[in-house]
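Given the coordinates of chain D, assemble chain S onto it according to the supplied hints.
Letter by letter, the chains look like this.
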Amino acid sequence: SQTIHQWPATLVQPVGSPLSLECTVEGTSNPNLYWYRQAAGRGLQLLFYSVGIGQISSEVPQNLSASRPQDRQFILSSKKLLLSDSGFYLCAWSKGQGVSNYGYTFGSGTRLTVV
Amino acid sequence: SQKIEQNSEALNIQEGKTATLTCNYTNYSPAYLQWYRQDPGRGPVFLLLIRENEKEKRKERLKVTFDTTLKQSLFHITASQPADSATYLCALSRRTGNQFYFGTGTSLTVIP
Numbered sequence: 015s016q017t018i019h020q021w022p023a024t025l026v027q028p029v030g031s032p033l034s035l036e037c038t039v040e041g042t043s044n045p046n047l048y049w050y051r052q053a054a055g056r057g058l059q060l061l062f063y064s065v066g067i068g069q070i071s072s073e074v075p076q077n078l079s080a081s082r083p084q085d086r087q088f089i090l091s092s093k094k095l096l097l098s099d100s101g102f103y104l105c106a107w108s109k110g111q112g113v114s115n116y117g118y119t120f121g122s123g124t125r126l127t128v129v
Numbered sequence: 215s216q217k218i219e220q221n222s223e224a225l226n227i228q229e230g231k232t233a234t235l236t237c238n239y240t241n242y243s244p245a246y247l248q249w250y251r252q253d254p255g256r257g258p259v260f261l262l263l264i265r266e267n268e269k270e271k272r273k274e275r276l277k278v279t280f281d282t283t284l285k286q287s288l289f290h291i292t293a294s295q296p297a298d299s300a301t302y303l304c305a306l307s308r309r310t311g312n313q314f315y316f317g318t319g320t321s322l323t324v325i326p
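Chains as they are written, first to last, in my numbering: chain D, 15 to 129; chain S, 215 to 326.
The reader is advised that the hints may include incorrect statements.
With a straight-line Cα cutoff of 30 Å, these simulated DSS-like cross-link-like pairs (lysine-lysine) come out [to be verified]:
1. D:Lys-109 with S:Lys-271
2. S:Lys-273 with S:Lys-231
3. S:Lys-217 with S:Lys-285
4. S:Lys-277 with D:Lys-109
5. S:Lys-231 with S:Lys-271
6. S:Lys-231 with S:Lys-277
7. S:Lys-217 with S:Lys-277
8. S:Lys-271 with S:Lys-217
9. S:Lys-269 with S:Lys-231
10. S:Lys-285 with S:Lys-271
11. S:Lys-217 with S:Lys-273
12. S:Lys-273 with D:Lys-109
13. D:Lys-109 with S:Lys-231
14. S:Lys-269 with D:Lys-109
15. D:Lys-109 with S:Lys-217
If you're looking for bench data, these hints aren't it; they were derived computationally from the structure.
Isolated chain D, as found in the complex (with noise of 0.2 Å):
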């Protein structure tokens, strides 16, 4: 079976240091992956997605960045932190070429605060 993993469940960061989320699946092989953030009270925006391994896809301009070194690996990073990017940050999957009727299947997420 499929399953999704992320890393780290939470995570408190200072304003202008680095951010490195990694999210991997396993059981299937070229999946879609996605990055969404969830700010308190807000529906979920998405950030980045990915149909290929380096396939990049940017929707919201801002300091963060996504790659995909692996095909069934998706990294979330960001070289500075801003205030504004505290968040719930959730990885999801779908299968690839046109629209699942399964959905996303979305990780656990990671809980970032930046202070």
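Leaving out everything else, chain S in the frame of chain D:
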């Protein structure tokens, strides 16, 4: 820009009643609409997908409608139970591309 709105206020209903949640959108022509359930501190869980050419979809106690003229989807939970208490999110996608855009969610509490 596109806008996806859900009931801004929390919804409280009595156990056994039908809960109805609304998802409205503007400046958008989605081809697909999904509903998710999210519990506090957890990632959303996929519930249902409905396509633009489908008026209604059912799954057990859940029913979703999709009215592209009204630009609205309704999500119904019949015979609601306290375990149905959660935040429910709608998400829309265009015909091309796999990415979905989410609404702000509606918090549902089912009172025993």
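Hints breached by this structure: Going through the list in order, the structure violates hint 13 alone and respects the others.
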